[in-house]
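Colleague: One-letter residues, chain by chain:
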Amino acid sequence: MIGWFLWFFLAPYLFLVEGLLAGALPFRIDLAAAVCLLAALFVRTGAVPGFLLCAALGRALLEDGDTAVHFLSMGIPVAVLLPARLAFVERSWTIQVLCAAFLALTMGPVASFFAELSRQPVDVAAAGSWSAVLVTALLAPAAAGALRILPPFGLFAERRA
Amino acid sequence: MMSRARRNPSFGQSAAAAQGRQVFPVALYASLLAAVLALVQPAALRAVESACATLQVLPLRAQGLLSGRVARAADDAEVQRIDGAMRAVDALRARRLAAARRRPAGVPLGFVGWSVPVQSRGVERGRAGASELRLALPRSALPAGTAPWVTVGDVLIGFLAPRDEAADGEDAAACVRLLHAAERGVLPRRVPAWIAADDGPLPVVVEPASSIDAHPLRCVLPADPYRAATIGAGEPEVMTSGLVDDPLGPLPRGLRIGKLRVEGYRDAAGHVVPVGLFVEPASPPASIHSVVLWVPGERAAGPAPVSRPLADGTLFTARSSRLPVASSVRVRWFVTTEVLADAWLREGAALVHGERLVGVLATAGLGYGVVAPFGQPGRSWPVTLLPGDGGPPIDRTARALRREGTNVVLALDGPAPGARQGLAFTGASIPDVPAGLFLGAYVASDTADGPVLDIDHVTPEDESALAIFRHAEREGEAR
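In the order they appear, the protein sequences are chains A and B. Okay, so the first sequence: first residue is 1 according to this note's numbering, each after it adds one. Okay, so the second sequence: first residue is 1 according to this note's numbering, each after it adds one.
No lab work stands behind these hints: they were computed from the structure. From the three backbone atoms N, C-alpha and C, an ideal C-beta is built for every residue, glycine too. Certain hints may be false.
[Claimed, not checked] Computed beta-carbon distance windows for the label pairs:
#1 A:F27 <-> B:P138: 54 to 62 Å
#2 B:D449 <-> A:F113: 18 to 26 Å
#3 B:L55 <-> A:F113: 26 to 34 Å
#4 B:E235 <-> A:A142: 52 to 60 Å
[Stated by the list, open to error] To list a few chain B residues with every Cβ distance to chain A over 12 Å, as calculated:
#5 A34
#6 S120
#7 A130
#8 G153
#9 A197
#10 P201
#11 H215
#12 E235
#13 D446
Input sequences plus hints: build the corresponding full structure.
Modeller: Structure (structure tokens):
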């Protein structure tokens, strides 16, 4: 319960940190992709919807588009990636980089599709470039690794035999 | 493991079920389905979303109390000192007054124009937009003999809706039914007109097009069907012809209706064989800020034609703190009101600095909001352009393409304004964003995708004079 409480209130701060880093660094570290990578590969399957919902609520506070658009833009790629857990038991860095690249490629178009459907402005221009995909593919696994050792995320981790 | 599963079938089944849950997470699929429903029917889950957001911003609120800057009342002298927004708004009001007093050539001398702001719009009708405009003037305040035709500049936009004695109260707002208004069981108002073709005017009748047509108005009953069939693919003006014995009442001659749009097939020689003649109205409903009613008299005292933009609403002084975000616009403000009582803020409400629009609330709730600066990519705005050459204000709609620093790029609907430089303001009033707020100086240019406006939207450095606006007519609405 404490994990849910912390994650619910800390989710907007995660995206504020993303904004701070985007202002300070020459490239953007897509922490939404890192959160999705965690959800797809490391979070207990039963906790994934709530985990993503908290993230979508926090993201909707700070970025264009309502919660539903953000939840769908994160949830659909994660739903596609979830079965990969069975195929890639080891979850090596290579697998994580490939999954992060998939997330970087799909999250933007999914968001813009649903935003167009509901006539909401969503800014996905920066996320769509190939350089942004490459940066996310390389940095999102590192960011996800860093997040995994922080308190709220460890409480959602999948327990493996 | 296999041998264990063979000995104990239930173990094998539960392991398979767990594996199945992992591959097909039903809870995730169900929540995605719920999200799609929330997208299609946003009202259904808005209260839940708003409650969650209100809870989630509690830490930000606490942080804002410690670090936010308290707003001071933005008195006139301060606004004058900070920027030229007020002077720009004064210029717009003066130019609107002058435009309202300008009499189109065909309007009889016995009438004088009243400029009346549009208060709200009726239900949208597909691509044509709203078919009815409700004015900020009670129907009962109109003098007897007010002309039924309603104009914007020299453009005929529609007719005053007749008073419904049974349905309208004493204070019912005057309504304008636009030319494309069509109601089941009611004969539409057809307009005798002529097409200003190259080889002379072609008389037609203009009436509402059907909902599946590409344009809101169509031309029927051409006086010369042969000429109508050979009119080609030009875009001549369609204007009222002012028939003397119009059975639906007199109508001035020479009022513009819009541009002709010819739908048809192109033959091998490149000529267009028309299938339908349509009209694109010169003033789309979304861009109409105020209309001119024509009342009998020489110098009739009308209502105050153009009020100050923030006159008909409530201003909440705001405590603001800057939030870094990763989107291309780069900044959001977290704003809280000083008092919580009756401070329900709405998404889309304007954050103003004097009479300048700073941004709109992207998220809002009781006493708080997250503000996105003007220029969010993808958002459409009604804008009013005040040309630098001294011409009348131009009301248009425009879609934000991007914001880079203080420069906001908008794609403009319709042709580029004649004067390539001038001042830009918020256009026709939308909920909680009043018309006539200063945006900045604009420079218009043509691109392959159509005309664009570059607006120098300076974000105020002094964030201590920010306030949030709420329209008066929305204050009684349910939350």
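Colleague: Are the hints correct? Go through all of them and say.
Modeller: For each hint, the structure was consulted:
1. A:F27 <-> B:P138: 54 to 62 Å: Check passed, 59 Å falls within 54 to 62 Å.
2. B:D449 <-> A:F113: 18 to 26 Å: Between D449 (chain B) and F113 (chain A), where Cβ atoms are some 21 Å apart, the hint holds.
3. B:L55 <-> A:F113: 26 to 34 Å: holds (29 Å)
4. B:E235 <-> A:A142: 52 to 60 Å: holds (57 Å)
5. A34: violated (9 Å)
6. S120: At about 19 Å from chain A, S120 (chain B) clears the 12 Å cut-off, so the statement holds.
7. A130: Answer for A130 (chain B): holds, closest chain A Cβ roughly 16 Å.
8. G153: holds (30 Å)
9. A197: Non-interface label on A197 (chain B) holds, nearest chain A Cβ at 38 Å vs cutoff 12 Å.
10. P201: holds (41 Å)
11. H215: For H215 (chain B), whose nearest Cβ neighbour in chain A is about 21 Å away, the distance exceeds 12 Å, so it holds.
12. E235: Non-interface label on E235 (chain B) holds, nearest chain A Cβ at 29 Å vs cutoff 12 Å.
13. D446: holds (22 Å)
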